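2 protein chains.
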Amino acid sequence: MAEYVKANNNLEELKDLIQKKDDAAITNLVSPLHPSDIAKLLTSLEDEERAVVFGLLPPEAASNVLLEVAEKTREKLIASISKAELTEIVDEMATDDAADVIAELPHEEAKTVLEGIGWEESAEVQKLLKYPEDTAGGIMQTELVMVNEDATIQETIEQVREKSEEMAHIHNVFVVDGALRLIGLVPLEKLILTKPHLPIKDIMNNKPVKVLAETDQEEVARIFQKYDLVTLPVIDKDERLLGRITIDDVMDVVEEEIFEDFYKMAGLNTDERVLDPPARSFTMRFPWLLINLATAFLAASVVKVFENTIQTVVTLAVFMPVVAGMGGNAATQTITVVVRGLALGELELRNAKRVLLKNIAVGFANGILIGAVAGIAAYFMGVNYMIGMLLFLAMIANLVIAGFSGTIIPLILKWYKADPALSATVFVTTCTDVGGFFSFLGLAAIFIKYGLLL
Amino acid sequence: MAEYVKANNNLEELKDLIQKKDDAAITNLVSPLHPSDIAKLLTSLEDEERAVVFGLLPPEAASNVLLEVAEKTREKLIASISKAELTEIVDEMATDDAADVIAELPHEEAKTVLEGIGWEESAEVQKLLKYPEDTAGGIMQTELVMVNEDATIQETIEQVREKSEEMAHIHNVFVVDGALRLIGLVPLEKLILTKPHLPIKDIMNNKPVKVLAETDQEEVARIFQKYDLVTLPVIDKDERLLGRITIDDVMDVVEEEIFEDFYKMAGLNTDERVLDPPARSFTMRFPWLLINLATAFLAASVVKVFENTIQTVVTLAVFMPVVAGMGGNAATQTITVVVRGLALGELELRNAKRVLLKNIAVGFANGILIGAVAGIAAYFMGVNYMIGMLLFLAMIANLVIAGFSGTIIPLILKWYKADPALSATVFVTTCTDVGGFFSFLGLAAIFIKYGLLL
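These protein sequence lines map, in sequence, to chains W and Z.
For the first sequence, the working numbering assigns the number 2 to the initial residue and increments by one for each residue that follows.
For the second sequence, the working numbering assigns the number 2 to the initial residue and increments by one for each residue that follows.
FYI, nobody ran anything at the bench for these hints, they're computed from the structure.
Take the hints with a grain of salt, since some may be wrong.
As the list claims (entries may be wrong) - The list that follows gives simulated cross-link-like pairs (lysine-lysine, BS3-like), each with its CA atoms no further than 25 Å apart:
1) K73/Z - K41/W
2) K227/Z - K418/Z
3) K208/Z - K211/W
4) K164/W - K208/Z
5) K227/W - K73/Z
6) K354/W - K418/Z
7) K227/Z - K77/W
8) K77/W - K41/W
9) K354/W - K16/Z
10) K191/Z - K164/Z
11) K196/W - K164/Z
12) K84/W - K22/W
13) K418/W - K41/Z
14) K164/Z - K191/W
15) K164/W - K196/Z
16) K128/W - K238/W
Unchecked claim - Some chain W residues close to chain Z (C-beta under 7 Å, calculated; not the full set):
17) Q20
18) I158
19) D203
20) N293
Every value quoted in this text rests on a predicted model; they were computed, and no experiment measured them.
Glycine included, C-beta positions come from ideal geometry on N, C-alpha and C.
Please work from the sequences and hints to get the whole structure.
Following this line, the structure appears as structure tokens:
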């Protein structure tokens, strides 16, 4: 596993060898590297150079590298090789990985590859392709060690021996009845420590944690964390064993789900990656900016109502973005904590009222202090002291609005089964923009009416 | 493991039993639940009720529950029991968990507990307490199966048998030489599949992946993901085996690190949790808001420079927050993708220039389109069409600024070994606020000067 050498700055050397077409030297340079290091090297190469190096990799290394590179690079690499080569590479993969790769192929090519790999693996992969990719069925693999309930420990060990060549981490043996229903689970250490002639039934855990294939992957991740699992069996409605999920796949899910939340909060398409080409990033970011523009115009129309007020005291225009901006900052703080609480299951509807009141209180307290500092600072900038007073009052109002909307909007979305993270940019900052302009300029209009300003 | 029953809405029932002081019934209700479900139930109780239920748990369950609850609740629970009870509970824990709990205790109490638990465990825990909590040493446990290189497979299996009672997941056996230096690793399945009289040396992987105790936990998580590990040995500078890290601890690290990035981006203290009391949330959010206030005033002072311009054309005040706000949104998009790319190692200094140019290009393209829509929308709101033109031009300028600063500032922070996520609210939105106001009002001043506006 760790017989790989470090990938030191061999990019220049590699480019040089590619130019010289020295295939043997390229193979010597690349083959001792870990697949994820090869993947990194490939990402730094030009399309043509990349195809050369990838074409020289043996099928096993090529299959590992293909799973490590980003989606765009994967597509290019696949396009650069023949269907026969691709088939050989997919044949090396575990069923879950093979299904992921085949799902991305055009229909014709997918068919060719499925026909090319062993019929047994092909059947398994086709079964996996039926499950949506964000469910337990979509992330499980069919490689596992399964024995009948009547097997002895010795027979079970034989099964482990047979399977150990084709699969990486075994961890557990699953016990099924005559109808292939999951009835138990045995960790490997138990196999070592018990007399070989005993029936496997005697040492199995007969109430293993398990999930239905339809279970959402986020729920799967939570089950892994709750029970500190390393592998989890997946069953169908009739309790039949379909496959297993291993923890390395779950790690990816956990990362993906958290990033997704924050991506949505920032108004980003969850597929966007830092190395995407500009055109792709542009088309993914534009719609969100357009929605934000609509909400910005909503806020602007509030300001428009008060044009006369601003005309009377033009200094108001200097400070109104301060009130709105601070509301936006406080709202971002609130919503980030709320979305995290919802994701971790700490915040639920039963304690929602407490959290709501708390965030209002925090907004009020911060409003008083931040408002006071802002008011005093404005005074020292040499403006009418009543503008400082306005800043103080409007800041309290807007930070309370931030605490309220930053809590209630994600909760409402959750209640209606929408994604609570979706709300940050769109709804909440609209609330604080509108609230900030309205409270600051509205109060100013009242002050002016009663002769307190000017 | 899964012999737990589901925690159905038994909160009311539990509260009822506590009031009736029916200890036997409480135990009956709680003991079949999974520790994390008990932890959840406890969180919903009042302090006194919680202490009653916790006091009734047997030491093993109590130790698991203590590890599942939030830090604040843990402190209260520990305060509610005697030192003798606490010692018994800590004695049940794995060394890494025991060290985490003891690290939070006041000095005197920590000493008592350390003296109370077995001297062997106490020595191990004291060793662990020396490592910073965010390093490999801080998250490792000392429970592991270790054999000398001269051992046979049969002797190794005996070691596994001895240890299997006191530790949860074994996964691997570690092989050491006479000076306790790590020289190899054997996965459990290999033990099953080989003849018992062979020396362990024959079947070990003699180049196992390993880390130094000082390694940062983020780096540890990356190694786990790169090599698809389930457990990782930790060594000191002399290659001596100190402990092992298991994947369940790494899952927590991965979650924590991602959340931390986004917390920092939102201007939040990374310790804040949704159920923290208001006073705690207030004191943690206030300093960040104060820093933001300073930057908001910086932006306001730019507006102040253009007070005369606004006095001349007051409608400018309506649209200037639109330009600044859209810049902020575009900057948040950019920085989120950049921080994720840095966290995943996809963005490095060698491809930084490409990403920078790309984000400027994306800003420019979005600026043209969003600016055009904004300009046309302003025109339909009935304002001078030259204000629409101003909006168009200023939007392009500010979205380019957003793409530039949203990329370059995290990179500069990374370059200076600071945290790239820290920059979002503070630096980048200051750039887009100042940039937005300056470009919009500055252009307006020029338009007015040349008689294009009014």
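A quick look at each hint next to the structure:
A threshold of 25 Å between alpha carbons decides the hint, and for K73/Z with K41/W the separation of about 43 Å lies outside it, so the pair is violated. Distance hint between K227/Z and K418/Z is fulfilled; the C-alpha atoms sit about 23 Å from each other, no more than 25 Å. Proximity of K208/Z to K211/W is assessed by CA-CA distance (about 35 Å); at most 25 Å being required, the pair is judged violated. Under the criterion of a C-alpha separation no larger than 25 Å, the hint pairing K164/W with K208/Z is consistent with the structure, at around 24 Å.
The straight-line distance between the Cα atoms of K227/W and K73/Z is roughly 20 Å, inside the 25 Å bound, and the hint therefore holds. At most 25 Å may separate the alpha-carbon atoms for a hinted pair to count; K354/W and K418/Z exceed this at roughly 41 Å. Of the pairs offered as hints, the one joining K227/Z and K77/W holds, with about 23 Å between alpha carbons and a cut-off of 25 Å not exceeded. Distance hint between K77/W and K41/W is fulfilled; the C-alpha atoms sit about 15 Å from each other, no more than 25 Å.
Distance restraint check for K354/W and K16/Z: the Cα-Cα separation of roughly 20 Å lies within the 25 Å cut-off, and the hinted pair is therefore satisfied. This hinted pair checks out: K191/Z and K164/Z have alpha carbons roughly 18 Å apart, not beyond 25 Å. Restraint check for K196/W and K164/Z: the C-alpha separation of about 18 Å stays at or below 25 Å, so the hint holds. This hinted pair checks out: K84/W and K22/W have alpha carbons roughly 24 Å apart, not beyond 25 Å.
A threshold of 25 Å between alpha carbons decides the hint, and for K418/W with K41/Z the separation of about 22 Å falls inside it, so the pair holds. Of the pairs offered as hints, the one joining K164/Z and K191/W holds, with about 12 Å between alpha carbons and a cut-off of 25 Å not exceeded. With a C-alpha separation of about 18 Å, the suggested pairing of K164/W with K196/Z holds against the 25 Å cut-off. Restraint check for K128/W and K238/W: the C-alpha separation of about 15 Å stays at or below 25 Å, so the hint holds.
Restraint check, Q20/W versus chain Z: the minimum CB separation of about 19 Å is more than 7 Å; hint violated. Restraint check, I158/W versus chain Z: the minimum CB separation of about 5 Å is within 7 Å; hint holds. Of the supplied interface hints, the one on D203/W is violated, with its beta-carbon coming no nearer than about 16 Å to a beta-carbon of chain Z, more than 7 Å. Evaluation of the N293/W hint against chain Z yields a held restraint, the C-beta minimum of about 5 Å falling below 7 Å.
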